[in-house]
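Undergrad: Position chains B, C and D relative to chain A; hints supplied.
Residue numbers (the working numbering), protein chains in the order written: chain A, 1 to 491; chain B, 492 to 807; chain C, 808 to 1339; chain D, 1340 to 1625.
No lab work stands behind these hints: they were computed from the structure.
Ideal Cβ positions, reconstructed from N, Cα and C, are used throughout, including at glycine.
Don't take each hint at face value.
With a straight-line Cα cutoff of 16 Å, these simulated EDC-like cross-link-like pairs (lysine to aspartate or glutamate) come out [unchecked claim]:
#1 A/Lys-369 x D/Glu-1373
#2 D/Lys-1380 x A/Glu-287
#3 D/Lys-1378 x A/Asp-290
#4 B/Lys-715 x C/Glu-882
#5 D/Lys-1378 x A/Asp-284
#6 B/Lys-714 x C/Glu-1173
#7 A/Lys-182 x B/Asp-662
#8 A/Lys-124 x B/Asp-537
#9 A/Lys-182 x B/Asp-537
#10 C/Lys-1211 x C/Asp-1261
#11 B/Lys-651 x A/Asp-226
Per the computed footprint, the stretches of chain D lying under chain C, defined by three or more beta-carbons under 8 Å from a beta-carbon of chain C, are [claimed, not checked]:
#12 1416 to 1430
#13 1498 to 1512
Letter by letter, the chains look like this.
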Amino acid sequence: MKIINLVIILLSSWPCIAWPVTLNVGLQLEPPNLDPTSGAAAAIDDVVYGNIFEGLVRINEDGDVQPGLSLSWDIGDDGKSYIFYLAKGVLFHNGDPFTATDVKFSFSRARSDSSTNAKKYIFKPIVDINVIDPHTVMITLDQARPDFLFNIGLGDAVIVNKDSADRNSFNPVGTGPFKFIKWVRGDRVELERYKKYWGPSVFLEGAHFKFITDPLSAYTAMKAGDIDAFPNYPVPENLFLFENDPAYEVVIGLTAGETILATNNRNPPFDNVLVRKAIAYAIDRSELIDGAMFGNAVPIGSHFAPNHPDYIDLTGLFPHNLDQARQLLLSAGYPNGFSASLKLPPPIYARRTGELIASQLGRVGINIKIENMEWSQWIDQVLINKNYDLSIVSHVEPMDINIYANHNYYFGYDNDEFKQIILDIETNTDALNSSRLYKLAQKKIAEDAVNGYLFQLGKYGVWKTGLKGMWSNYPIRSNDLRGVYLEGDKQ
Amino acid sequence: MISFLLKKITSLIITLLVSTGVIFILIEVVPGDPVAFMMGLSGSTDAADALRLELGLNVGPWDRYFDWVSGMVNGNFGISYTYRVPVVELIRERALVSVPLTIYALLLSTVIAIPAGLISATRRGSLVDTSFMGFAQLGVAIPNFWFAILLVLFFSTTLKLFSASGFPGWDAGFFICLKALTLPAISLALPQAAILSRVMRSSVLDVMNEDYIRTARAKGLSKKQALFRHGLRNAMIPVLTILGLQFSFLLAGGIIIESVFSLPGLGRLVFQSIIQRDLIVVKSIVTLLVFSVVTITFIVDLLYAAVDPRLREGNS
Amino acid sequence: MTLLKVKDFSLSINDEIILHNINMEIKAGKVLAIVGESGSGKSMMSSAIINLLPQGAKLKGKILLNNDNLLDKSEREMCLHRMNDLGMIFQEPMTALNPLETIGTQIMEAIKLTNPKIRYKDLLKKAELILERVEMDKNRFPLNTYPHKLSGGQRQRVVIAIALSQNPKLLIADEPTTALDVTTQAKIMKLLMKLVKDYGIGIILVSHDLAVVADLADHIVIMRKGKVVEQGDTKTFFKSMKHSYSKQLFDAAKHKLYEKNITVGSEVLLEVLNLTKEYNLANKKPLKAVNNVSFTLNRGENLGLVGESGCGKSTLARCILGLEKFSKGKIHIAGRPFYGQKELRRCINVVFQDPFGSFNPRHTVERLVAEPFYVLKKPLTTFEKRVKVLRMLKLVGLGDGDLKKYPHEFSGGQRQRIAIARALITEPDIILLDESTSALDVIIRTQILDLLRDLTKKLGISYLFISHDLTTVKNITNRVLVMKDGVIVEEGLTAEIYKNPKHHYTKSLIEASPDITRAIKSKEENNNENTL
Amino acid sequence: MKHFSISFIVGGGLSVLFLMGALLSFFWTPYDVELLNIKGKFASPGLEHLMGTDHFGRDILSMVMVGTRNAIAVSLIAVGIGATIGVPLGLWAAATCMNGSRLIDELLMRGNDLIFAFPSLLLAILITAVFGPSIINAIIAIGIFNIPVFARISRGAALSIWPKEYISAARVAGKGVSRISYEHILPNILNLLIVQATIQFSIAIIAEASLSYVGLGSQPPNPSLGRMLNEAQTMIFFAPWLAYFPGGVIVALVLGFNLMGDGIRDLLDPKLRQKSITGKVSNDAS
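Looking at chain A on its own, in the form it has when it is part of the complex (with noise of 0.2 Å):
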C-alpha cells in the first residue's frame, strides 16, 4: 500500500514539472566497478543502487524496508522462513524477465566458495532457497535473524541476471528504473531512462553521475552549472556560500556514518578503561564539529545513528572536562601523559579532525604524533594488522554496533557482556525487546569508552533550487533518482 501512496504523491506533483530533464549528479568518488555484489566500495552503490539495480527489498530514505521486487512477503512464527511474492511483468534492461529463478541465482551466486561479496556474511544463514512458482520463492534460514530483511535491502543483495552477472562490473544490467547507457571512465557514468520499467515511471530523462575528486573543482563545477546536484557535497567549509545563493538549495542530513576515534584496546595505555575515559573526557566535541565539519554534524556519545529510533544521547556520560581526564590519567598512572600515534585515512573529516584531536588531547599531556596515510596503508596497518595507537574513521555501515562483538575487530574489544547482547539481538524477534537491547549494546560501550565517540557524519545534499526528490540522508550508500524533478523552468 505504501506502493499506492507513492504513485499518490507523484501523481499530484506531475503537473508543476516542467519537462523531463537528464539530471547531472556530482560525486566524489568514482566507483572502481558497478557490481554492487563485488567490492565494498560505497561509490558503487552511490551510482547503481535503486537506479539500475533493486533488491527484493527496498531500504528508503529513512531507513525503513520497504517492497522492492517482492511486493510483499510472509515471516514464519519461528522467523527463520521467508515467502517473498514477487512482481510480475518486470524486465531486466537486457529484456530477460525477472522470475522467481533470478533471485535464486543472484543469491547462489553471492553465497559461493567462488563469491567475491563482500557482505557474504548476509547471506551464510540460508540453509535453502526454493523456487515455489515463477513469481513466488521461499528462502528459509538457520535460525531467526531480524536484520536479514535489512540486509537483503542492501546493494550486495541487489537481483541480476544470469547472462549479464558476470558483466555487471563494466555493463550492468538490473530491473531498475534508469539503465546503463556507457561509462567515460575519470569522467562520468550515463544513465538513461528505462522505457519499460515495472513500477511508476520516473521523470528524469536520464542522470549522468560525474566523478569530482577534486573539492576546488566540487565547488567550481557546482557553480558554473556544469552539476544540477551533489547529493554528497565534499566539503562543509563553503556550504555557506551556496546557502547564502538563492540559486541553490543545502540540504543537511545524516549518514550512517560514526565517525569515532578508534583506540586500540589491545595495547597498554589504551587497554586501561581509565586511560579511554581520560581520553573521553578530554574531547570537545563542539570543538571537533565546529572546528573540523563547521558546524554540519551532530555529536554522538555511542557508536548509534542519531536518527535510528532506538538512539539514546550518550554525549553527556563524558562531557568535556579536562581535570577530570588529567586526575583519570594520573590515576591510571600516567600523571605526566604519554605518547601516542594517530593513524589518519585520506578524507578531510579524518584529517581535520585528527590535528583538533591531537590537540585536544595535547591539553592533559598526552603527546600524539600524526601520521596520515591512504586508505591501502591504513586498512593494510589499522584493519588487518592493527598495527595503531588510536585513528580517526567513519563506519558508514548502518546498523554496524555488532563489529563490537568481534574480538578480532581492530578495537580489539572483547567483553562477553556485550557479545551476549548482541547475540539476543540476533536472535530475537520481538521488537520492543530488540530496542531495549539496542540501547543497552549503546550504553555498554559507551561507559567502557572503547573509542572515542565524536560526531555522526552528515550528508550535505547541495542542489539547484527547484531540483525535489533528491534524498536528503544517507541511511545506506545510494542516490535513488527515480522520485526526482525539476519544479519550475529548466534553466
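TA: Positioned in the frame of chain A, the structure of chains B, C and D alone reads:
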C-alpha cells in the same frame, strides 16, 4: 647512419628492460593489498581469498614478472584489478585525453616561447627583451597547480567562460573537447613556455656570435637575414632537446593539473591506481611513460641527425 | 687609381680607443699588407672597413671607397656595399662556414644576392665555375658537399669562393692562412695573388708575420697598439725603414741559423724503437697515427721534429710523455723501458703550445711551477719547494713578485716562461717542446727561443723540439726529423737538410715556408725585370 | 671586479630576506604554529595577524615562516644530495671516458637516462606509498632527480677540461686520474655547478610545494607551503588570503633564487668573463 641507429635502438631496448625490472621491484615492495582495499572495512575473509584467486595474485613474484613482461611484449597488459577491464583499454581511454593535452600544451608553449625568445635575442637589452625575460622569470616561478587554481577562479567561476572541470569525451565534438582542455593546457604550458623562451634566447645569442654568421653578413646579408637563413636552424638544436624533455615531462607531469580540472587523464588514473593498489595498472603506465620518454629522446636524436649532416654520417 | 682610402680614421669601442688616426690607401689590383702583433688593431681595422664591429663602436674620420665615405652609409647601404664591392676572408676557416648548409647553397646564396634575377641553371654553373677558380675539383667536391667533409685549406678556398662569387672590388683577408699548414698557406697565398692579377681586385692582407707578406705585398703598413708605426712601398720599405719596431719585426722575421758549436754526448737519453700507435675508428680500418718510428736522442743534443698538422708528431709526443699507450714498439728513457712509471717521469718534462691552456687558471704561479715535484720520491718541504721555484723563476726572467700571481695576470710570452720554469723545475734530462712557440708573436717568439737555447745549454738539458714551422726548428736544433703521415721521411743534421733536402716532401716544406730574405731577393729580382 | 647586475641584487635581496625569515622562525614566530584557536578562525589580515588566520585559527604569517624554512631545508638537502652523489659520478664518467674504458661512462650515463626517464612526481608518490609520507621521503624523492642533473653537467664540463694542456702537464707530473679530477677539474667547473645548484634549488622549491600539495612531504602539524595551498583551495572564496600568501611566498622565493642564479652566472660564467677581458664580442653590428 646505420651504426648510429643501431646504437640508439640497442640502448633504447636495454633502458626499457632495466626499467621494467626496476618498476616491478618498486611495485612489489609497495605495501598494501589491492584485495583488502576492495573489501573495505567489513569485508569477509573468504570472499577476499576468492578474489585473490580470481586476480591471480596467489602466484610468486617471478612468475608474475615474466607473465607481465611477456604479456606486454605481445600487447597484453593484463586485467585491471579494480576496474576489471583490460589495462590496455584503460590506458587507451586515458591517453586519448593526456596525449592531446600534452600536445596542446606543447604547441602553446612553443608558439609563445619561440617568437618571444627570438625577439628578445634580437632586441637584446631592449625594453621588450627585459620585459619578456621578466615574464619568463615569473613563469618559471609560479607553481602550475597554483596557476591552474587562479585560472579556474577567474575564467570558470567569475567569467563562466570555460567549464571548471571534466572532459566530455571526443565523441562530444572536437572543439568542445579543445575548450575543455584549454585551461589545463594553459596552466601546463606557462612554465614550459617560460623555460623554452629562455633557452631559445640564449641559444640564438650564442649562434649570433658564430663565425659563419659573420661570413653571411660579409656576403651582404642584413643582421636579420643572416640570423634567419643561417642562425635559426643552428639555434634550434638545443631547443629541440628541451622540447623533447618537456613532452615526456608534461605527459607524466599532468597528475596535479588533471586532478585540479578533474580530467580523466593518465596521470589521474595512475594516481588513483596507486591509491587503490591497482598495481598492474601502475606498472603498465609507468612502463609506458618510461617508454615514451625513451622513444622521444630517440626521435629527438633522429631529428638532430636530420638537421645536422655531421651527425648523419655518425662521425661526431 | 685609388680604390680605398682610409683618412684620419679612429675607432673606439665603449670609450676604449682601439684605432687612432689611421691613414692608408690601396689601389685597384694591388696588395696592401697590414702587419702587426696581436692587439695591434689590425683585425679591427679590416672589420672596420666592412663595418662589422662589436656593439658600442664609435668611428671617426673617413673610409673612402671610390671617394664616397662608407662611414656615412646606413646599415642597408652597407649591406649593398658588402654584396657588391667588398669581400672578406677570415682567419678561422673551420668555423667560417655554416655546418648545416652545403657549400653549394652557401656559394649560390652569395651569387644570388649580387644578381637576384639569375636563373637556377646559370646559378649552378656559376657556382661550379667559381669552385674551379679556387681550384676545387668539382668531381671531388660537388656542390652538395657539407663543410665538415673539407680540410681547413679546402674550407678556406670555399670562403674565398664565396667572397669571389660577388666579384668584389676589394678583398679583405684577415690572417687568411695563419690557421693553415705551411704548404697549404703557400698555395692559398698563390691563389690569392692569382686572383689579384686575373680580376684586378685590390687585396688588404692582414698578417702577424712580415715574412709571409714580404714578397706578396706592394705596400706594407706596420701597426702597433692601434697606430700606424710606419708604411711604405715594399720595394723600398726594407731598406728605408726607420722605426725601431719595424726593424725588430724584420729581425724576428729573418731567422739566423743555429750556431753549431755544441758537443753531442754519446749517452743515449731517449730511444724510440719501431713505435706504432693505431687508432681503430668506427667502421673504418685502423689509422696508424704513428707508424714504426725509431730515433734516438743523445745527451746535449737538440733534436727537431717537423711535420704538418695530422702527421702524427703530437701523438708521438704524447706517447713519449706516457700520456698515451702505444700499440707496438718500445720507448727507452735513460736505458730503461718507459711506460709512464713515476720514477722515470722525472727524467722528462714538457712545454706545451698554448700559453693560455697550459695552466690551471685557479692556481698561483708557485703552485703551478711546483707541480712536477709530485714525481719526486721523497716530497720536499714547502720551503724547499719555494726556494727552488724562486730560483727557477729568476732563471726564466720572472721576479719574486710573480710567485703569488695567477696565470691570467701574465702576457703570452711570460706564460711561456712560466711553462718553461715548470718544465725545468725537476731538472730533467730531456724536455719536450711541443709547438712551444707557435702561438707567440714573432718578436716574443725569438726571445723565448733564445731563452730556451741558453737555458738548455746552461743546464745541459737535451730537448726534442716539435714544430710545424721549419724556420723555428732551423734556428734551434742541430738535428731534425721530418715526419709525414706517421712516418719519418727524412732525418739528418739541420744544416744539411736545409742545404740539400733529399725527400721531395722536405723540399716542398722548405720552399713553402716563408723566408723574408728570400722574399726580398725575389721582389728585387722581378723589380729588375720590370726595369729592364 | 665586474659590478653586480640588477637581477643579482633583486634576487639576492629576496633570497636573503626569505632566508632571514626562515632562520628567524627557529627562534621566534609571532604565534605558535601548532596552537589551534577555533574561536579566532578566518581572521582577515590585520594588525593582530599580519597575514590573517586559517580554518583552525592558526597565524598564517607564522606558518608561512616555518613553511618557508621547511621548503628551503628540503630543497637545500635534496640539491645537496644530488650534487654530492652526482658530481663525483659525472667526474668519474668523464675521467673513464677520457682515459680508456668507455664502458663505465656508458653505464653511468645510461643509469642517468633511466632516472631521467622516470616520471618524477610518480616516483615520489610511489616512494611515499612505500615508506609513508614524510619530509625525509620528500627529500629523497627530490634528491634522486638531482643526481643525474649534476652528473650530466659535471661530466660535460669535465670533458671540456680534460683535453686542456694543464691536465696533460699534471699527468706528466705523474698525477692520477682522481687526483687530477679533484685538483684541476673540480675547481674549474665549480662556477658552473654553483649556477646549476641555484637553478636546481628553485626547481626543488616548486617540487617540494607540489609534493606537499598532494599531501606528501612534511606532515601536520608541521606546516608546509604546498599543503597550506591545498587546504586553502576550498576556502579561497571567502578567505583568499589563505591562498595568496603561501602562493606568493613560493613565487617570490623561486623568483629570488632564479634571479640570483642568473646574477651569479653573469658574474662567474667563464665565457662572459673572457669576453669582458679580451673585449672580443664579435659582430654585434648595430
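Undergrad: Taking the hints in turn, state whether each one holds.
TA: Against the structure, the hints:
Only pairs whose Cα atoms come within 16 Å are accepted, and A/Lys-369 paired with D/Glu-1373 is accepted, the gap being roughly 12 Å. Between the alpha carbons of D/Lys-1380 and A/Glu-287 the distance comes to roughly 12 Å, so the proposed pair stays at or under 16 Å and holds. In summary, the hint linking D/Lys-1378 to A/Asp-290 is supported, as the alpha carbons are separated by about 9 Å, within the 16 Å threshold. Taking the CA atoms of B/Lys-715 and C/Glu-882, the gap is about 12 Å. The hint holds against a cut of 16 Å.
For the suggested pair D/Lys-1378 and A/Asp-284, the alpha carbons sit about 13 Å apart, so the restraint of at most 16 Å is met. Of the pairs offered as hints, the one joining B/Lys-714 and C/Glu-1173 is violated, with about 47 Å between alpha carbons and a cut-off of 16 Å exceeded. As the CA atoms of A/Lys-182 and B/Asp-662 are separated by approximately 12 Å, the hinted pair is consistent with the 16 Å bound. Taken as a hint, the A/Lys-124 and B/Asp-537 pair is honoured in the structure, with Cα atoms around 12 Å apart against an allowance of 16 Å.
Restraint check: the Cα-Cα separation between A/Lys-182 and B/Asp-537 comes to about 32 Å, which exceeds 16 Å; the hinted pair is violated. Annotation: proposed proximity of C/Lys-1211 to C/Asp-1261 is violated, straight-line Cα distance about 26 Å (limit 16 Å). Taking the CA atoms of B/Lys-651 and A/Asp-226, the gap is about 10 Å. The hint holds against a cut of 16 Å. With a threshold of 8 Å between beta carbons, the proposed coverage of the segment 1416 to 1430 of chain D by chain C is violated, since 0 of its residues qualify and at least three are required.
Evaluation of the coverage hint for the segment 1498 to 1512 of chain D: fulfilled, as 9 residues show C-beta separations to chain C shorter than 8 Å, against a requirement of three.
Hint compliance for this structure: hints 6, 9, 10, 12 are broken, all remaining hints hold.
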